[in-house]
Amino acid sequence: MSRAFLICPEPVRSITAGVGTRFLTLARLLVENGHRVTLAVPNDASEAPTIDGVDVIQANPDILGAQADGHDWVLLHAHLGNHFLTQRDDLPLVVDLYDPFLIENLHYHRDLGFAPFSTDHETWRLQMGRGDLFLCSSEEQRLFYLGWLSALGRVNPLSVDDDPQLQKLIIELPFGTPEANVPTPPPRPDVLPGVDDDAPVLYFGGIYDWYEPVTVLEAMPALLERDPRTVLLFVEHPHPELTPLAEAERARSLAKRRGWLGSTVRFEPWRQYDRRFELAQVADVAVVTHRPGIETDLSLRTRLVDLMWLGLPAVVTAGGTMARVVAETGAGSVVPAGDAGAVAKAVIDLLDDEIKRREAADSGRRWAADRRWSAVAAPLLEFAAKPWRDRHRERFSELAPGPVAGEEPLLQRLQRAIRRKRSGR
Numbered sequence: 001m002s003r004a005f006l007i008c009p010e011p012v013r014s015i016t017a018g019v020g021t022r023f024l025t026l027a028r029l030l031v032e033n034g035h036r037v038t039l040a041v042p043n044d045a046s047e048a049p050t051i052d053g054v055d056v057i058q059a060n061p062d063i064l065g066a067q068a069d070g071h072d073w074v075l076l077h078a079h080l081g082n083h084f085l086t087q088r089d090d091l092p093l094v095v096d097l098y099d100p101f102l103i104e105n106l107h108y109h110r111d112l113g114f115a116p117f118s119t120d121h122e123t124w125r126l127q128m129g130r131g132d133l134f135l136c137s138s139e140e141q142r143l144f145y146l147g148w149l150s151a152l153g154r155v156n157p158l159s160v161d162d163d164p165q166l167q168k169l170i171i172e173l174p175f176g177t178p179e180a181n182v183p184t185p186p187p188r189p190d191v192l193p194g195v196d197d198d199a200p201v202l203y204f205g206g207i208y209d210w211y212e213p214v215t216v217l218e219a220m221p222a223l224l225e226r227d228p229r230t231v232l233l234f235v236e237h238p239h240p241e242l243t244p245l246a247e248a249e250r251a252r253s254l255a256k257r258r259g260w261l262g263s264t265v266r267f268e269p270w271r272q273y274d275r276r277f278e279l280a281q282v283a284d285v286a287v288v289t290h291r292p293g294i295e296t297d298l299s300l301r302t303r304l305v306d307l308m309w310l311g312l313p314a315v316v317t318a319g320g321t322m323a324r325v326v327a328e329t330g331a332g333s334v335v336p337a338g339d340a341g342a343v344a345k346a347v348i349d350l351l352d353d354e355i356k357r358r359e360a361a362d363s364g365r366r367w368a369a370d371r372r373w374s375a376v377a378a379p380l381l382e383f384a385a386k387p388w389r390d391r392h393r394e395r396f397s398e399l400a401p402g403p404v405a406g407e408e409p410l411l412q413r414l415q416r417a418i419r420r421k422r423s424g425r
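Residue numbering for the sequence shown follows full-length UniProt numbering, starting at 1 and increasing by one per position.
These are calculated hints, taken from the structure and not from any lab test. Treat the hints with care, as some may be off.
[To be verified] As a list, the in silico DSBU-like pairs of lysine-lysine whose alpha-carbon atoms are at most 30 Å apart:
#	residue 1	residue 2
1	Lys256	Lys345
2	Lys345	Lys168
3	Lys356	Lys345
In this text, all values refer to a predicted model and were calculated from it rather than measured experimentally.
The task is simple: from the sequences and hints, build the whole structure.
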């Protein structure tokens with residue numbers, strides 16, 4: 001069995017978000033299949049949950065390459081992994097692209113300028129030029145990333161001769177569902193003090209800037225007319241220092257102006273890892289709204305994977321992989337973007353029809369049952385059993401776009417340093 005070195009770019013603590021949850025789960029799955037795993041995290045390792053067989057260490061960017069000594073292959077995602085890539089290039093490398101952060105972050109220029117885009121772009125160029133295997137979440141993402149890989153010379157006559165479907169280059173490994181059964185829901189009063197057991201509760205979850213929570217808030221008057229006890233649950237971001245939260249503040253301000261904040265509209269703390277499902281479990285319907293655009297087209301909306309596994313009927317905005325899944329499976333309703341009236345009607349239809357809710361819940365559970373982590377991660381486990389290098393990785397690297405004119409961003413300088421090291425200059 002192999003020795004895997006996983007570089008997680010987000011903090012892994014008792015309160016952990018999507019990337020951290022994904023890396024924790026993959027680490028556990030690798031160990032269960034007989035591999036040795038080191039999980040390098042950006043925070044103090046003592047804060048991370050304990051996983052039998054996983055050695056958790058704090059990543060040191062200055063010596064990240066040396067920290068990987070004694071391992072057979074590396075899995076990384078996003079910016080922290082760049083430090084490893086500038087320090088060594090002798091281990092088979094898996095690059096996790098499940099989260100298309102360059103696309104998610106495009107709008108941040110309004111607050112942060114263009115530096116984040118430059119950094120994200122250079123990160124993808126560097127990592128897609130160096131990886132041996134790439135992970136993505138959906139067929140839409142796979143086609144998108146194949147365009148990048150083609151531009152970098154990674155899709156080439158030799159690679160296609162060896163592997164016509166390029167399954168050794170890029171594979172789908174979406175968010176999976178837990179191996180265990182759905183936990184028993186906690187009593188609602190223990191989770192939401194002051195909310196009646198029979199009050200309608202809607203679950204939205206965390207608000208990232210690619211979501212559009214205002215549409216749900218605009219639907220609330222119609223929902224409150226049906227039942228004035230209706231409650232909408234948002235969840236505070238677990239790492240607010242990592243990303244701008246303009247949409248969350250917009251939603252909070254609107255709820256406050258309408259006198260709903262803290263009662264009708266509740267911003268709940270992010271739950272600990274072992275309690276991460278409890279808010280959704282005490283809700284009646286999930287509502288997930290976003291804007292149309294390329295981010296939506298390429299997103300997976302991983303919360304919807306969890307919600308379908310839990311059996312929570314969902315009202316979602318059209319667009320993206322999971323909205324299509326909801327429509328095809330009957331796990332809820334799909335509504336036009338920005339249409340508060342359609343949101344209200346879809347929610348009321350579910351709340352008023354217990355049979356429809358139960359059928360939607362069952363449909364979601366059936367879909368999720370085929371997507372256990374052990375199933376969706378099978379291609380990664382195949383790699384772990386016998387890690388490989390892409391022998392054509394550098395054959396056409398000269399076709400990759402060169403540095404842009406003007407001031408050279410940090411990661412371009414890092415790439416230049418890598419090229420100098422390879423050539424011995």
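Verification of the supplied hints:
1. This hinted pair checks out: Lys256 and Lys345 have alpha carbons roughly 24 Å apart, not beyond 30 Å.
2. A C-alpha spacing of about 46 Å is found between Lys345 and Lys168, which places the hinted pair above 30 Å, so the restraint is violated.
3. Distance hint between Lys356 and Lys345 is fulfilled; the C-alpha atoms sit about 14 Å from each other, no more than 30 Å.
Figure legend: structure checked against the earlier numbered hints; the only hint not met is number 2.
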